[in-house]
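Which chain is which? The protein sequence lines are S, H and G, in order. According to the working numbering, the first sequence is numbered sequentially starting from 1. According to the working numbering, the second sequence is numbered sequentially starting from 1. According to the working numbering, the third sequence is numbered sequentially starting from 1.
Worth flagging that the hints you see were computed from the coordinates, not collected in a lab. Since this is a predicted model, take the numbers as computed values, not measurements. Yeah, the Cβ is synthetic: ideal placement off N, Cα and C, and Gly gets one too. Don't take each hint at face value.
[What the hints assert, rightly or not] Label-pair distances were calculated between CB atoms; the ranges are:
id, chain 1, residue 1, chain 2, residue 2, range
1, G, Arg45, S, Ser201, 54 to 64 Å
2, S, Asp152, G, Pro17, 52 to 62 Å
3, S, Ser201, G, Ala16, 15 to 25 Å
4, G, Arg45, H, Ala199, 48 to 58 Å
5, S, Ile173, H, Thr185, 32 to 42 Å
6, H, Ile50, G, Gly19, 49 to 59 Å
7, G, Leu55, S, Asp152, 16 to 26 Å
8, H, Ile50, S, Tyr176, 18 to 28 Å
9, G, Leu30, H, Phe23, 53 to 63 Å
10, H, Lys13, S, Leu184, 22 to 32 Å
11, G, Met10, H, Ile160, 32 to 42 Å
12, S, Val169, H, Val57, 56 to 66 Å
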Amino acid sequence: MSWRWFHQWGSPRWFYERAGRWQLVCGWLALILLVVGSLWGLGFAPVDYQQGNSYRIIYLHVPVAFLAQAMYAAMAVCAVVLFVWKMKLADVAMQAIAVTGLAFTVLSLVSGAVWGKPTWGTYWVWDARLTSMLILGFLYLGLIGLRAAIQDPDQAGKACGILVLVGVVNLPIIKYSVEWWNTLHQPASLKLTEKPTMPASMWMPLLVNILGYYIAAAYLVLGSMRAIVIGRERRASWVKELVGRA
Amino acid sequence: MSIEKRMLARELKLAAARPGDIFKPMWFLMLVISMVPLALSPDSVLLADIGSAMIWVATLLALLLNTEHLFQSDFSDGVLEQWLFLDRPLAWLVGLKLIVHWLFHVVPLICITPIAGLMLSVPTDVLIALLMTLVVATPALTCFSGLGAALTLGSSRSGILGVLVMMPLFVPVVILAAGVLIRATDGSEILPLMALLGAFSLVAATLVPIAVSAAIRLNIGGSN
Amino acid sequence: MLEFQFESLMAFLAMAPHGAYVWPVYILGLLILGGLTWVNLRQHRQAIRLVKRQLEREETHES
């Protein structure tokens, strides 16, 4: 990985011109993977003998939940890049990921809750996973709120960077303590997805879906980043040229 | 007079000039505690069950609301800017400010929790454990809410954003303290958990002021 | 390995007894992904419109 490649990321213009193509590729790839993966999981994966057909929600819930957490970690990486290399694009990425991450967290919570109804009888249980996901949602909200409260975009970026780094250090501690809290009150811990063995016919569509949602998240983040870049660089000559041409 | 002594003197003066700032959180705590039986039931057995947890939550809220504008007056007086040029690391000064804030504003709060405990029929040994967890955990909580205050320092209409931003980070402390209280209610050994709580609090109190000073530097200087 | 698990398309859509749970979740997922895409597009268009307006203002100042 040459330094030249790395330094190109310092240029919002370079990013904007390339990202359009990447976005297109990701979009189509994600669409195909998700359609195939979802139909496979919904229609072709075998029926679970315990949960019947309701378990098919995992083909959405598990990838989305995993991504909600992965995206927070990605924001932390962006924060490090922002502070160490002062790359503006890292802050743009942080801003873009926050909203997408929140949406995925909400989707994960709702899908988890709806899955809970036929499985445990209620829409909400304070089990370790759902509770951790709820707190992750609050962390995302805090970031979005903080960014909205600070006018100067560079300042806002750095403030969010600090918050993300403090949050990411705390996140494993939070998850661990929530799991421990759960065992305090429910000795038989309820696990939503852990099965001793999942046959290949069940986890293969899951893999396809995980990949699909991953690329879908990339597609969404890239799209958001491009919009943010235009907004932030609106006084730059290349943007004026670009718009003038259109 | 050394910088630290000057700072302490200033804080003492401010605290004496505005005793309401110390009294109002205590008042808030008592109000919230009074709401609990009203919203629930006057049954003292039930209240004793949830009493210690309710006191913890109410103290947490009072602490948060109190610390939210921690740096505001120093900011508008220009004192924070002076800190940047003093011969001390900013994190050290921030830590000092947080300790003093804890001493003058949080400790009084902890001092009236026994009264709240009495009102909610909390058994004595649980009450003692409650006091211990509060003393050990509140320094860390003060540091974290100081971070929220510092991050929202520049923005004018942030409202309770500083509180909202920090609360998720309190979860480990709250859970640990709750664990201690459960053990105390059962009558089992609380020392190992208290040690863990103390260790977490110590680490937080040492590291978080660094993040707070970064946030202050950010919001004073603008982007640099 | 790949066999369709339901007798008919209607059975697939019904997904007894849990169809009322499974399908709304997937529909919500679709709405959220689509919604985010739409929001991004709108943000992009707004940003471009802002720049256009700025350009027009500069041109009228020059002329």
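For each hint, the structure was consulted:
no., hint, in the structure
1, Arg45/G to Ser201/S: 54 to 64 Å, "violated (44 Å)"
2, Asp152/S to Pro17/G: 52 to 62 Å, "holds (55 Å)"
3, Ser201/S to Ala16/G: 15 to 25 Å, "holds (21 Å)"
4, Arg45/G to Ala199/H: 48 to 58 Å, "holds (53 Å)"
5, Ile173/S to Thr185/H: 32 to 42 Å, "violated (25 Å)"
6, Ile50/H to Gly19/G: 49 to 59 Å, "violated (40 Å)"
7, Leu55/G to Asp152/S: 16 to 26 Å, "holds (24 Å)"
8, Ile50/H to Tyr176/S: 18 to 28 Å, "holds (25 Å)"
9, Leu30/G to Phe23/H: 53 to 63 Å, "holds (55 Å)"
10, Lys13/H to Leu184/S: 22 to 32 Å, "violated (46 Å)"
11, Met10/G to Ile160/H: 32 to 42 Å, "violated (52 Å)"
12, Val169/S to Val57/H: 56 to 66 Å, "violated (24 Å)"
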